[in-house]
Amino acid sequence: MNGTRATTLSPESIRITTDAWTEPYWEAAKEERLVTPRCSECGAFRFPPTPFCPECRSQEIDWVELGNGTVFSYSVVRGLPGQRDLLLVPVVVAFADAPGVHVVSNLVDVDPDDVHIEMPVTVAFVEIADGWKLPVFRSPEPG
Amino acid sequence: MAQGEAATSPSGDVAIVGIGATPYYARGDSYPQTTLELAGKAILAACEDAGISVTQIDGFAYYSGAGAGYGETFDTATFMETLGIPEVTFSAALTSGGGGSAGSIGLARAAILAGDATFVVTVMALQQHKQRLGTIFGAAALSPQNSFLMPSGLVGPGHLMSVLARRHMHLYGTRREAFAEIAISTRENARNRPKAQQREPLTLDDYFNARMIAEPLCLFDFCLETDGAVAVITTDVDRARDLRHPPVKVIAAAHGGRREWGRAFAWYGMPDPHFAASGHAPVAEHLYRKAGVGPADIDVALIYDHFAPMVLMQLEDYGFCAKGEGGPFVESGAIRYEGGTIPVNTHGGQLSEAYIIGMTQVMEAVEQIRGVATNQVPGAELALATGGPATLPVSGLIVGPDR
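If you read the sequences in order, they're chains R and H. Just so we're aligned: the first sequence equals residues -12 to 130 in this note's numbering. Just so we're aligned: the second sequence equals residues 7 to 409 in this note's numbering.
Bound conformation, chain H alone (with noise of 0.2 Å):
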């Protein structure tokens, strides 16, 4: 299905070789488990998944400033005391929020091939027991710039995208039809995941039905608020051929964004045609350029789905439409698993089966590719994870097999 290019690219060096999940709670049920209790248990299954021992890390690329769902931090220390690593060579984080997930595998492919790491961890854990991630803006310190945002009540995420959805729906004549239908193919992905924490069907009726949060947004257009974690291990590609699975190659990663884009939503400078979409076209400009491939040749696009919308508006900067028709090119059936011209978010998305601020795009790229996910593309030969569009940088990644 794919183009044979793109697994000779020169930047297709390093590989995912294991992913470990910890099981996906509603929000606070993880308790009294602690953050660091699920992080390290999702690290310890990563390396079962790998073949190694967890001895064997001596490198952290985090990304969302190494948060954990924004009210707690990571610390390498504390994993390392705790877990008994006995040295590491390397740990950094991509800035910002959500926006890094699928950048934070360039971190660690930066660190690997810059020879200062072997095998390196990402690893994200969310236990909303204090704190809703649904209101997190609204429950933020005050700073001299939030101040020009906070009073307008937009409390959190959802709420703040909800201005672009409009938007897009003013300049492009997008439909809530369109959001409902990517609410209901990510369920009907979600209903054979026994992981899933969504599983039953979920109809139109039931979407327009749906208690409406921050309009033109309802319930359904919202991710799930989950407590879990997940981890995925990346080494060299010569490591990874000895190890327990087919190595997963890192085709091409890229994090970054422009300037119209910037703070996004938590600003709303964004002048047309940037405020209606993802700000994710520029980093999908360059993810295609360094793996040498297009949008027609990725055969199952993992697309952060935080909100229904901003699916739509990644499908057409990454390629999938043209800008402005993702409402016409969802409806149609596009990204459908069963009939679909390219599947998306065939584990259920965030929208369905937990959301771990981007971690579980990633880790069902790998499942693609080695060709044992639970909806698997048949042939599956080029995947292609995304970022949470939010604050620079967004980011994306393209994996694909060993050959």
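Only chain R is shown next, with the shape it has when bound in the complex (with noise of 0.2 Å):
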């Protein structure tokens, strides 16, 4: 398996909705920036983002970019009914600058082999269907 790299799903088959709370991120997104809500009151973050802040109740958020951040956990997916070939890295990313955020996506572009829990990841964006863009991510040592 060394030298295969990890993509994501066929990316004109990958489709997302929104709603009045999560358009801003997918807005971001399409300016290729990542984000993610902060309550603008006692400043916790979540996600994805929700109506209310969980710790006060506030509906008031400032949207915060996301820096670099690390592997919590991940994946590695070798084929999928009807798409043997496929190699996905599904990852959840953790970021030390946003604590309690979870982003789930994939990992692009990296040998699965080279993948490890705590590992720094950078985000990068994939163009979907419909326009969007989903933020993914890889290493951001040169492969």
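Since the hints were derived computationally from the structure, they do not count as laboratory data. We treat Cβ as the ideally placed atom computed from N, Cα and C, and that holds for glycine. Be aware that one or more of the hints could be misleading.
As the list claims (entries may be wrong) - Just a few of them, taken from the derived set where beta-carbon distance is under 7 Å, the chain R residues facing chain H: (1) T5; (2) P35; (3) P77; (4) V79; (5) V91.
Claimed, not checked - Non-contacting residues of chain R with respect to chain H, defined by C-beta distances greater than 12 Å in every case (computed): (6) E19; (7) R20; (8) R25; (9) C43; (10) Q46; (11) E47; (12) N55; (13) D84; (14) D96; (15) S126; (16) E128.
What the hints assert, rightly or not - Which stretches of chain R does chain H cover? Using the computed rule of at least three CB atoms under 8 Å from a CB of chain H, they are: (17) -9 to 4; (18) 57 to 70.
If you follow the hints, you should be able to join the two separate chains into one complex; please do so.
What follows is the structure, given as structure tokens:
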């Protein structure tokens, strides 16, 4: 399996939908910014975006851009029904500067054997269906 | 083996009196029977087992939102129409999914104690002719919430839970050998079960040579894909004493969970130590307190085994070993029917017998307390059954003899 690079589901097949609270996240992604809501009142982070701060019930939020993250956990999926050759590294990414935020996406352009928990990752963007962009993650070191 | 005070628990006032099941089929093989037909057969079998007429049923207590394998839903009115049930005075379901299997008996208990119903049926049926449960999330309708999950390609529950298993291995040094031991010991228990879908011996070599589906999980970490149905009938203890079998008392039932677990692997926002866990720890605490017992009093544990690592994490959350020590605990042979300290899934579980979204665990708990299980734990007085680690509520049930 060495030398095989992880990817995403076929980008044109990836669809998302939004509501009033999640749309700013996806609009920011279109501009290639990964953002998360932070409560304007108490400063607590939450993810994904929801209508209330679970700590203080405020509805006021600031959108904060997330920096580099680390791998919190991951899976390696070699093939799905009907897509035998697909290689995915689904990943949960944590952020030191946004406690509690876990973003779920794919680690791309890596050899699964090189992936480990706590490995630093940086965000990248993949164009998906309907003109949206999906935040994905890659290793900051040239692979 | 168990403590006497459990039987005098004030909550032990309803009993399971009937259990029934269809044969277990490989995925899709029950076709052209319908889901309704499978469920109806299980309900009729449970009535026969209890020694009541189906016309005496007046309550329905479902879980999984009355969903049959998430793809279809149950409808009480349809059961009444097809089985000729004249009147229903209670019809309700626990929310969310398979987490509520054991807890649905608590819902039945609530109905009976409130005087809302006398004979309450809990039923689950699965027919995967149209949609496999294994890729159900990949086929789910798009929503703003799941748009944060589905693009990752984690298409099925096993894919989702592999991420939790990985974190457990990282934090506690848990080895795949532990997951293998769960699969192998469960298979051993299925070998003498005529109804079991998988009865051939499973070796460590088989396990490590198996196809990886979502690393670190391989084929044998995944439960079976089954078509079939199981029904359970609950009533008050006084009525129960006049029926065909000795009553199996509901010592305690609990469902719920904490926000830190929440939507679990549909969300992945759990902080440590909740991430590499089952969500059951608070439910276990309530369950033991209500029953007046602890893990050392449980004689047989029927642990929801959709995926082998989640058995390990439930064993921790139910206090059979300390948090993080599930790996060495399991590898020591502790959960074996032969020679173990806490026999687990003596019926062969969902990994080897059949997967009916937790109902085979409830059925085995009843058979153990009746003393008629295929792999009977001698003198079993307290049996634990759990619901599936998943989006809240998760649930647990303790049953014991009527004395």
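Those earlier numbered hints the structure runs against, lowest number first: none
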